[in-house]
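Peer 1: So you can see what is in the structure, the chains are spelled out below.
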Amino acid sequence: MQQVPVSLLTLVAGILVTLVSIWVGQHSASLLPVQASEQAPLVDRFFQILVGIGTALFLIVQGAIVLFMFQYRQRQGDDRDGTLIEGNFPLEIFWTAIPSIIVIGLGIYSVDVYTQMGGLSVGHHSMAEHAAAPVKGTALAGTLSETSDIEALTEEIPKDEVIPEPARAETSLEEAPVEAPLLAPIEEPITLPVKTPIKRPVKKLVNVPQPGIGIGANPKVLGNAADLVVNVTGMQFAWIFNYPETDITSGELHVPVGADVQVNLAASDVIHSLWIPQFRLKQDAIPGQATGLRFKATRPGTYPIVCAELCGGYHGSMRSQVIVHTPDEYQEWLESNRIASAQNQQIAAALQTH
Amino acid sequence: MTLQLPQNSPPGKKPENVVVTSHTTHQKAWKWYHYFTFNVDHKVIGIQYLVTAFGFYLIGGLMAVAMRTELATPDPDVLDPNLYNAFMTNHGTIMIFLWIVPSAIGGFGNYLVPLMIGARDMAFPKLNAIAFWLNPPAGLLLVASFFFGGSQSGWTAYPPLSLITAPIAQSLWILAIVLVGTSSILGSVNFVVTILKMKVPSMRWDQLPLFCWAILATSVLALVSTPVLASGLVLLLFDINFGTSFFKPDAGGNVVLYQHLFWFYSHPAVYLMILPVFGIMSEVIPVHSRKHIFGYKAIAYSSLAICVVGLFVWVHHMFTSGTPGWMRMFFTISTLLVAVPTGVKIFGWVATLWQGKIRYTSAMLFAIGLLSMFVLGGIGGVMLGTTPFDIHVHDSYYIVAHFHYVLFGGSVFGIYSGIYHWFPKMTGRMLNETWGRVHFALTFVGTHLTFFPMHELGLQGMPRRVAMYDPQFTAINQLCTYGAFLLAFSVIPFTINVITSWRKGEVAGDNPWNALTLEWTTASPPAIENWEELPVVIHGPYEYGLTDNHRADGLSEARS
Amino acid sequence: MTAVTPTDTSHHEEHPDLRVIGLLTFLASESLMFGGFFATYLFFKGVTPVFPPKGTEVELYLPAINTAILVSSSFVIHLGDAAIKRGSVWGMRFWYFVTAIMGATFLAGQIYEYQHLGYGLTTNIFSNCFYILTGFHGLHVFIGLLLILGVIWRSRRQGHYSAHKHTGIEMAEIYWHFVDIIWIILFLLLYVMTQF
Ligand code: HEA
Ligand code: HEA
Ligand code: CUA
Ligand SMILES: [Cu+2]
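Chains as they are written, first to last, in the UniProt record's numbering: chain A, 1 to 354; chain B, 1 to 560; chain C, 1 to 196.
Chain A with its partners taken away, still in its complex shape:
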């Protein structure tokens, strides 16, 4: 049989490995859940690259092992030793240099992806402004802001009081002017809406400075205030989502699709970790240290919220969900909860005066 030159074999093997790796990399995204946030495609593309490189490395090393295992197995009756080869300096340099280049490349790329995700802009000026001016008045929530006053709440709400038209979606999300800040009372104890089976009252954390840890504004929205702010408290074993602008408190996270959402995380007992797999985002909620996430949901639907940090026996049951609404739906949800919330406040106030 004609001997095939080794260089040709190597070339073919190289091309094959490359093709297979690219194919595996391309298809690896199907291993991940659906993409539902702006960050998700960034992470997924990065993941594909990682899997591609990983597959190539694995195939090369594994291929060499299997090949050598077969080719250099001890043959029947051959008791000789292998040839004495102590090493090969250029080859060693080569296989130190190539991985170095790969990992440095990956390092640079991950800094880039991370920046695009908003990781390096947490606690920057935009956030600082937030800290100074309490979050208020986005297009969606601003229309309801007047009533978030405590006096308004304790008053009887006329039955026929019409809640203003929901602002038009999409455009208003981007363009609505930021209204004058309204200082919401700090640490105002409120009772919870009937809908959510949460026992403990939570404190509002409206004026807390914006956290400097987590994922912040991505380059596109850097410098702008977020459209919607949600204060999230983790406790054994539940998440509590509080909308400071509207006084709504819920056991689930509701966000309108496309809105630039800022989530401030706090923990009241032990460390918890807010993970939304479909958003590819996770951040620990740490007692005594403010953290946060900022994201834009891109796909309406209901996705799980998972607590990822061991927080006790029922850590596994600390699950909730995020509901990404279309803007109309979101308004509906807001309204129904406004009423529920207000009625609750009334009852609470009534009880207090007695």
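Hints should not be assumed to be uniformly reliable.
[As the list claims (entries may be wrong)] According to the in silico footprint, chain C covers these stretches of chain B (three or more CB under 8 Å from chain C):
{"no.": "1", "segment": "181 to 190"}
{"no.": "2", "segment": "230 to 236"}
{"no.": "3", "segment": "244 to 256"}
These aren't lab readings, by the way, just hints derived from the structure by calculation. All residues carry an ideal CB built from backbone N, CA and C; glycine is no exception.
Based on these hints, arrange chains B and C with the ligands on the given structure of chain A.
Peer 2: Then chains B and C with the ligands, alone, in the frame of chain A:
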């Protein structure tokens, strides 16, 4: 027997001008009951470590099997969730602190280092025995902790959770870890001094077996990192029991500080668990492929490089914790760099196979199995090193998959490989190869079946350390559970093999593998002070193929 | 490659005495435990605006005297080491005894300080750090003291120590210096740095 030459001479080439003194066996061998006493012989201590650690492995494994049984269904129906957490915590703790570390460092290190460098014992034999005897009480403390609910906050014991759950059990857990930590520091002092000061003068530094380089690097790492863990745990102990508030945020404490103290130790700890195993690899692969190790210096230096870089990557466990963005990026890059020296080792071993004459003994099968599994786990680790991806999978089953690949597919495979390789030296008898192959096949398949699907679980969104999970993950979890049963089954042939071979296996002779390192120049099992006369080193530890006729069967020839 | 005739045919070589280097290795490691505590302290000092908080300040006077005692004891103990190297067991005993008294004075001073500070272990983060640091150091002083007393006790035996055989004495000295060095760092961090 001509084989008991006190010289390190290549097979078939007997140095002429060396006088072989006859053996006066005035040193008696140890009796079985000596193994249950405070014995200062490094070989006895080595075996004590190995056997105790294996016992703990079975206990830790049993806990894992219980956990996997629970996880076969989404609901917490088998174990109470708190008990699940206690099992999970103690499974991790036992596997790391009472199985891998004591067997790889304490067991093989103690047994082999003096034999490999031509010393009669360790530098501080008594200290060595003390270090070993700190381990059983640590195990007892963990057992005792179960009477108080068991420590339930994971092997990482993050406050505030560890401050408020089962405080007595948690305190006992801390004391247990402090004991094994002390043991590890004392052991490391011993190794450093022994290797640096006690090798036979005729051995050049570049003739030091790579296993010893690995143990040296491991020991330095242990010396640097373990005390920091001790300080962190002492503070935790004071917080739990004596009213301080280092980690209590409502009293001015900081919970993230603990994580730094913990991971400053515990990242290096993962290298404590793999470096000695890398050392085992560097010994086993050349012997069974009859080839000189490829790139001795590169492999020796890369251990030291891993040890240095490994000290500066700890924050990659805290990417989603209270870690500012710049720090995430810094530690991303440092973490990725660790892949380079590790790769140098892997490539060196693969190149050792090249042009070899590979013998598929059980030891070699496990070594090659390790090679392929560790690469898989290591590449998974490199992916985790990048913040953008780690944010998604941190604290998910992807992590569980990663570290079982490197710990089970890496460390445990390496330890098995070492046992198959050195069992003849330790006991004078061969292990049964057929059972060894069965053991390998079951373990190899079981490991992939148990841990490979966990990657997908993690990517899809299943968190770790849960006793109950979203029903959408049921199918994959059941697969993992079957794998775990297979793994549990796989230790049975091994255990039977070890017990029967120890008692009446085939007699091994001094050098059944025809290997070149010094431990094979003495009897099997070695006499109490290792050699009648200290061996003289005249060639390196891996110079296979040195003789012109490439004969490897000098042994069989000489024996007949 | 030439074969070498075994030169060292004496069967039972002296087991080499490596205790000093062993101790140094151990102390290098142990210093990192203090490293962990120092890091903790410095971290809290860094993040707390007023540290130590009002009411839990330290005073400098007594600790400064204590420091002087401990630091000079390091020189005293060295005199003992020099004495044994000249072969004088009595000289060694004398200087070691003086060192022991100085060490005990230091500990007494420490206890006195504890009683007059007006705050305890659990008062606040600063006091937590303060007591943990000084307490662990005190524990080491106490162990050093025991070592010194042990040396004196053993020196009763005729010929136990001599000009050529004094590793135990040297080890006690090294340990004492270690305790001293840790104290100097501790004093700078805990007492001097907090004055500004
Ligand atoms: C033996 C133990 C061991 C070993 C060796 C490793 C090795 C590595 N580990 Fe792993 N790790 C653990 C045990 C181990 N790990 C454990 C127990 C945990 C979980 C702790 C817990 O939370 O409970 C963990 C968790 C863990 C995390 C945290 C994940 C999280 O919680 O979010 C990270 C992140 O960076 C990580 C990374 C790495 C890296 C980069 C390596 C590298 O050293 C791997 C290097 C090896 C290779 C890369 C393969 C061979 C190299 C080549 C073929 C060369 C070419 C390669 C490239 C160019 C990439 N590990
Ligand atoms: C070297 C370390 C090591 C080893 C070998 C293993 C081995 C195994 N591990 Fe472990 N594991 C860890 C280290 C290790 N693990 C760590 C550090 C954690 C993290 C803990 C934490 O989060 O804090 C973890 C967590 C962990 C989890 C995640 C738990 C959770 O997050 O909720 C799971 C789940 O499947 C698991 C499974 C297994 C299985 C099935 C094995 C199998 O390989 C075990 C095979 C079984 C045996 C070998 C036992 C056989 C026993 C018998 C046959 C009975 C005979 C016994 C007697 C007579 C006493 N492990
Ligand atoms: Cu909250 Cu886990
Ligand atoms: Cu790590």
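Peer 1: Each hint: holds or not?
Peer 2: Now for the hints, and whether the structure bears them out:
no.	hint	in the structure
1	181 to 190	holds (count 5)
2	230 to 236	holds (count 5)
3	244 to 256	holds (count 7)
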